[in-house]
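Q: Taken in sequence, the protein lines are chains A and B.
End of the first sequence = 278 in our numbering, gap-free, step of one.
End of the second sequence = 437 in our numbering, gap-free, step of one.
Since the hints were derived computationally from the structure, they do not count as laboratory data.
Bear in mind that the values here come from a model prediction, so they are computed numbers and not experimental data.
Here a beta-carbon is modelled for each residue, glycine too, at the ideal position from N, C-alpha and C.
Treat the hints loosely; a few may be bogus.
[What the hints assert, rightly or not] Residues of chain A clear of chain B, computed beta-carbon distances all greater than 12 angstroms:
id	residue
1	Lys10
2	Ala32
3	Arg89
4	Glu113
[Said to hold, decoys possible] What follows is a list of derived Cβ distance ranges for each label pair:
id	chain 1	residue 1	chain 2	residue 2	range
5	A	Lys108	B	Glu428	40 to 48 angstroms
6	B	Ile414	A	Glu210	39 to 47 angstroms
7	B	Ile194	A	Ile21	52 to 60 angstroms
8	A	Lys108	B	Ile367	13 to 21 angstroms
9	B	Glu428	A	Lys123	35 to 43 angstroms
10	A	Ile21	B	Trp289	43 to 51 angstroms
11	A	Asp81	B	Val286	34 to 42 angstroms
12	A	Gly72	B	Ile219	26 to 34 angstroms
[Stated by the list, open to error] When the alpha-carbon atoms are kept at most 25 angstroms apart in a straight line, the in silico SDA-like pairs for lysine to any residue are as follows:
id	chain 1	residue 1	chain 2	residue 2
13	A	Lys178	B	Ile295
14	A	Lys123	B	Gln307
15	B	Lys188	B	Phe255
16	A	Lys128	B	Phe255
17	A	Lys211	A	Lys108
18	A	Lys108	B	Phe285
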Amino acid sequence: MGDTANKNVLQLRDVKKIFSHGTIDEVTALNGINLTVQEQDFISIIGSNGAGKSTMLNVIAGVFPPERGGKVIIDGDDVTNLPEYRHSAYTGRVWQEPQVGTASKMTIEENLAMAYLRGKKRGLKAASNKELRALFREALKQLGLGLEDRLNAPVGTLSGGQRQSLSLVMATISKPAILLLDEHIATLDPKTAQTVLKLSKMIIDKEKMTTMMVTHNMEIALRFGNRLVMMHRGKVIVDIGEERKNTLTINDLVNAFEQASGEKFDDDSVLLSHR
Amino acid sequence: MFEMIGGLLAFSFYEGLVFGLIAVGMYLTFRMINFPDLGVEGSFPFGGAVVAVLIVKGWNPFIATIAAAFAGSLVGVATSMLNTKLRIPALLCGIIMIVSLWSINLRVMGNRANISLLREETIFHKIADLVGISYGRIEVDILVALVLAVITFFVLNWFLCTQIGLALRATGDNEQMVRGLGSDTEMNIVIGCSIANGLVALAGAVICQAQGFSDVGMGIGILVMGLASVILGDAIFRPKGVTSMLLAATAGAFVYRLFITVALRMGMPPGDLKLITGLLVTIALVIPFIRKKIRHEWVPPASRLF
Ligand SMILES: Nc1ncnc2c1ncn2[C@@H]1O[C@H](COP(=O)(O)OP(=O)(O)O)[C@@H](O)[C@H]1O
Ligand SMILES: [Mg+2]
């Protein structure tokens, strides 16, 4: 890593999130998260169902603010209380469902033209033009899915894997400070999932993207990234850096979980798959 | 015979162009930004009321017409802010605006239910003088309507492909994505509604000058008529892309007015026209369903909204 590698891209300070405050449905989804992400970190995040992984990414993306007292700092700017559309200047995101990240009635070109302007001011210039189309084709070509010849196709006509790959390009084309992937291969069939995973890694490496990737697959979490974070009941309970991660096994992870949480690792209730 | 058909077509063409403004506005809200704005039933007579009052006050009719359109766009801002800022469901926002505007329109017209423009100079007089055709001929009406429709078409066709226009259309397709890509969806909805209501008020201002009076009840049925045009345009032309959508909305209005005019000329009692509208809309909505059924495609249950 270069000498910029120690720059903090993201800091979460005492981030809490409580849903349905004061009702019988009250849930503490995040219970005091402290996390610092450095430039070019690629963090794999695992944790049981309901651990708060998506909620944490939602807070980073500004979908909702954390409880008072918490802070979200990206690229040195305090973005805690900015509305979501202004958070987006910093964050690129791929959701679990392909239909959330793309607009199905609009064409591939229109989707990319929207994505290209993330973090820039929108005005009365034409949304797309010849140079942009060339840029979009170039970006799509690296996927190797032939999408570069279908700029005018409505996105609704693409397969799930194609849409998710497009989402990936859309999330990265404007070079956000941090890329958030939330189980972005979970709804794809195994073969397509591997393809999209490979494409993700390729784009992340090429663009030197700072990344947080949630996965429910321990094997994938071990295979990808330079850092591994495990969440449980709204807290970060394990945070493993590059050196230890390289030699880590699934058994080590199970042990780390049991030690940190004081609970027995139970495949059914914890729902961490390690096929 | 040919003269009669020609006259019928010319009249429907004129009406289609004017009501096309309403159809385009409603296409923008209902279809593009996915905000079912019922408030147009109030902004149409509002446009008429504003233009009538200003013309009687001695304003230049062109400026009065522009002012009416602008006033209408403020109605759109109000309707959409009820939804975006105060979190009231869109349908209710429209209904609130319809009832409120009834009183506002009466106030604007100085607590009168109607204002006559018969002794005033309107844009139709001005254009008739300008091109040297005698006032009252259908050519004048068509010319006025055509100029407005063409300007509207080119401006919207350009605007909807700009960076802001694209974000506006994307808001109707996937709001979550648009916020995630850094565009303020609330602002987009406000912009879309203000344009739509501006167009509807513009149509109200033109119709009011064409008929020679403004009436507080002139909005009744506009909503249904606009929706019928949008639905007919969609069903007949199945548009894809901005340009074809704008054209389809206008063409839908033309087809709708043609049906109504022909039905009237054939001696159908005016009271039956609403039934014709009902049947037309039903047929237009059912055609795609039947088409799919014939191909043995599965059809999901209908939306409870639009
Ligand atoms: N918008 C919401 N409203 C209410 N409860 C929520 C909401 N989002 C998440 N939760 C709750 O917060 C907890 C954490 O959810 P989530 O972050 O989605 O978990 P994970 O992604 O780790 O599976 C869960 O109990 C979930 O039911
Ligand atoms: Mg989740």
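Q: Provide an ascending list of the numbers of those earlier hints which the structure does not satisfy.
A: 3, 4, 5, 6, 16, 17
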